Amino acid sequence: METLVFAGQSVEVNEEGFLVNPGDWSKEIAVDIARQEGIEELTDAHWKVIEFCRQQATETGSAPTLRQITTGSGITTKELFALFPKGPAKKVAKVSGLGKPEGCV
Amino acid sequence: MTEDNRHIAFICSKGNLDMAYPALVMGWAALGNGIDVTIFFTFWGLDLINDKRVDHLEIAPVANTSMKMTMMGIDTGNLGIPNLMGVLPGMTAFATKLMKDKMDKIEVPPVREYLQMLVDGGAKLYACKMSVDMMELSMDDFVEGVQDIVTAGDFMDMTEGAQVIFI
Chain A
1 METLVFAGQS VEVNEEGFLV NPGDWSKEIA VDIARQEGIE ELTDAHWKVI EFCRQQATET
61 GSAPTLRQIT TGSGITTKEL FALFPKGPAK KVAKVSGLGK PEGCV
Chain B
1 MTEDNRHIAF ICSKGNLDMA YPALVMGWAA LGNGIDVTIF FTFWGLDLIN DKRVDHLEIA
61 PVANTSMKMT MMGIDTGNLG IPNLMGVLPG MTAFATKLMK DKMDKIEVPP VREYLQMLVD
121 GGAKLYACKM SVDMMELSMD DFVEGVQDIV TAGDFMDMTE GAQVIFI
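One line per chain: the protein sequences are A and B, in this order.
According to my numbering, the first sequence holds residues 1 to 105 in order.
According to my numbering, the second sequence holds residues 1 to 167 in order.
Since the hints were derived computationally from the structure, they do not count as laboratory data.
Treat the numbers as computed from the prediction; the structure is a model and nothing was measured.
Be aware that a few hints might be false.
For each label pair, taking beta carbons as the anchor points, the in silico distance ranges come out as [stated by the list, open to error]:
1) A/Gly61 <-> B/Gln163: 28 to 38 Å
2) B/Gln147 <-> A/Cys104: 18 to 28 Å
3) B/Ile106 <-> A/Gln55: 15 to 25 Å
4) A/Glu15 <-> B/Gln147: 35 to 45 Å
5) B/Asp148 <-> A/Cys104: 25 to 35 Å
6) A/Ala7 <-> B/Ile106: 36 to 46 Å
Below, in silico cross-link-like pairs of lysine-lysine (BS3-like), each with a Cα-Cα straight-line distance of 27 Å or less [claimed, not checked]:
7) A/Lys90 <-> B/Lys124
8) A/Lys78 <-> B/Lys124
9) A/Lys100 <-> B/Lys124
10) A/Lys100 <-> B/Lys102
11) A/Lys100 <-> B/Lys105
12) B/Lys68 <-> B/Lys105
13) A/Lys27 <-> A/Lys90
14) B/Lys105 <-> A/Lys90
15) B/Lys129 <-> B/Lys52
16) B/Lys52 <-> B/Lys124
For the chain B half of the interface with chain A, some residues (derived, Cβ under 8 Å), not all of them [claimed, not checked]:
17) Val25
18) Trp28
19) Gly34
20) Asp120
21) Gly121
The beta-carbon is built from N, C-alpha and C at its ideal position, and this holds for glycine as well.
Between the sequences and the hints, there should be enough to build the whole structure, so can you do that?
Now the structure itself:
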């Protein structure tokens, strides 16, 4: 476990870079994490995905899988891979301040 | 595809319902982790991308030593479905329905939908030329998203440096 500074705030992350405590998350932190993941700007579509994931995690206790995101948020698979290129599974969860998704689909 | 990106290639040679899923599950996981994915369908594996066959893949209980009665909800421990019973008409359809129901219950999509997800996620699908010729198929027989019919040599070229998994 280590401490990183996002948007001027110190937060704890695990060895893979996921926030340890989802409560540390803020929109400013999300913007900063996204930039480090190679996403320059978070658009409305990005926020739609992020808000869906945060909502799901509150209800179920874990980050949704990619298929749960596409079936639940109305964002298509193609859009999701375009919004979070090169590994959306981890990127979405990271930017949303959640742990790694636990499902396989 | 970038030169330095990790790349996984799957060779799908089986057309049974249970053997359709390994490449789909691992391929989807790979795409989710930013890994390039190529899938080469050969021999019976062509059923997975055959538009007329993909929704009718089956699993047969005959000679399947892992298929136990407990799968049908009958708690008989290690007691299997006798091969003699497996040959009865309707047993393959029954086993197939059982598996599809179980998959559905854990929210695993059907093969056709799964393939589309992979294509949308950037996976490249190819059909094996020799098998296509042997089974007298053409691109018109395949589901959308199959890129081309290629030779074994082409497959070798396009998977240089990739990790290859044979199913």
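Evaluated hints:
1. The supplied range of 28 to 38 Å is met by A/Gly61 and B/Gln163, whose beta-carbon atoms lie about 34 Å from each other.
2. Between B/Gln147 and A/Cys104 the CB atoms are about 25 Å apart, so this pair conforms to the stated range of 18 to 28 Å.
3. Judged by the Cβ atoms, the range 15 to 25 Å given for B/Ile106 and A/Gln55 holds: they are separated by roughly 22 Å.
4. As the Cβ distance of A/Glu15 to B/Gln147 is approximately 38 Å, the hint placing it in 35 to 45 Å holds.
5. Under the hint 25 to 35 Å, the C-beta atoms of B/Asp148 and A/Cys104, about 29 Å apart, fit the expected range.
6. Roughly 38 Å separates the CB atoms of A/Ala7 and B/Ile106, a value that falls within the hinted 36 to 46 Å.
7. Only pairs whose Cα atoms come within 27 Å are accepted, and A/Lys90 paired with B/Lys124 is accepted, the gap being roughly 22 Å.
8. Taking the CA atoms of A/Lys78 and B/Lys124, the gap is near 14 Å; set against the 27 Å cutoff, the hint holds.
9. In summary, the hint linking A/Lys100 to B/Lys124 is supported, as the alpha carbons are separated by about 26 Å, within the 27 Å threshold.
10. Distance restraint check for A/Lys100 and B/Lys102: the Cα-Cα separation of roughly 25 Å lies within the 27 Å cut-off, and the hinted pair is therefore satisfied.
11. As the CA atoms of A/Lys100 and B/Lys105 are separated by approximately 23 Å, the hinted pair is consistent with the 27 Å bound.
12. In summary, the hint linking B/Lys68 to B/Lys105 is supported, as the alpha carbons are separated by about 19 Å, within the 27 Å threshold.
13. For the suggested pair A/Lys27 and A/Lys90, the alpha carbons sit about 18 Å apart, so the restraint of at most 27 Å is met.
14. For the hint pairing B/Lys105 with A/Lys90, the CA-to-CA distance comes to about 25 Å; that is within 27 Å, so the pair holds.
15. At roughly 19 Å between alpha-carbon atoms, B/Lys129 and B/Lys52 fall within 27 Å of each other, so this suggested pair holds.
16. Between B/Lys52 and B/Lys124 the CA atoms are separated by roughly 21 Å; this keeps the pair inside 27 Å, and the hint holds.
17. For B/Val25, the interface hint holds, since its Cβ comes within 8 Å of a Cβ in chain A; the closest pair sits about 6 Å apart.
18. Among the interface hints, the one on B/Trp28 holds; its C-beta lies about 7 Å from the nearest C-beta in chain A, closer than the 8 Å criterion.
19. With a least beta-carbon distance of about 3 Å to chain A, the hint placing B/Gly34 at the interface is held under the 8 Å criterion.
20. The beta carbon of B/Asp120 is positioned within 8 Å of a beta carbon in chain A (closest approach about 4 Å), and the interface hint is therefore held.
21. With 8 Å as the threshold, the beta carbon of B/Gly121 comes within range of chain A, its nearest partner Cβ sitting at about 5 Å, so the hint holds.
Comparing the model with each earlier hint shows no violations; every hint is respected.
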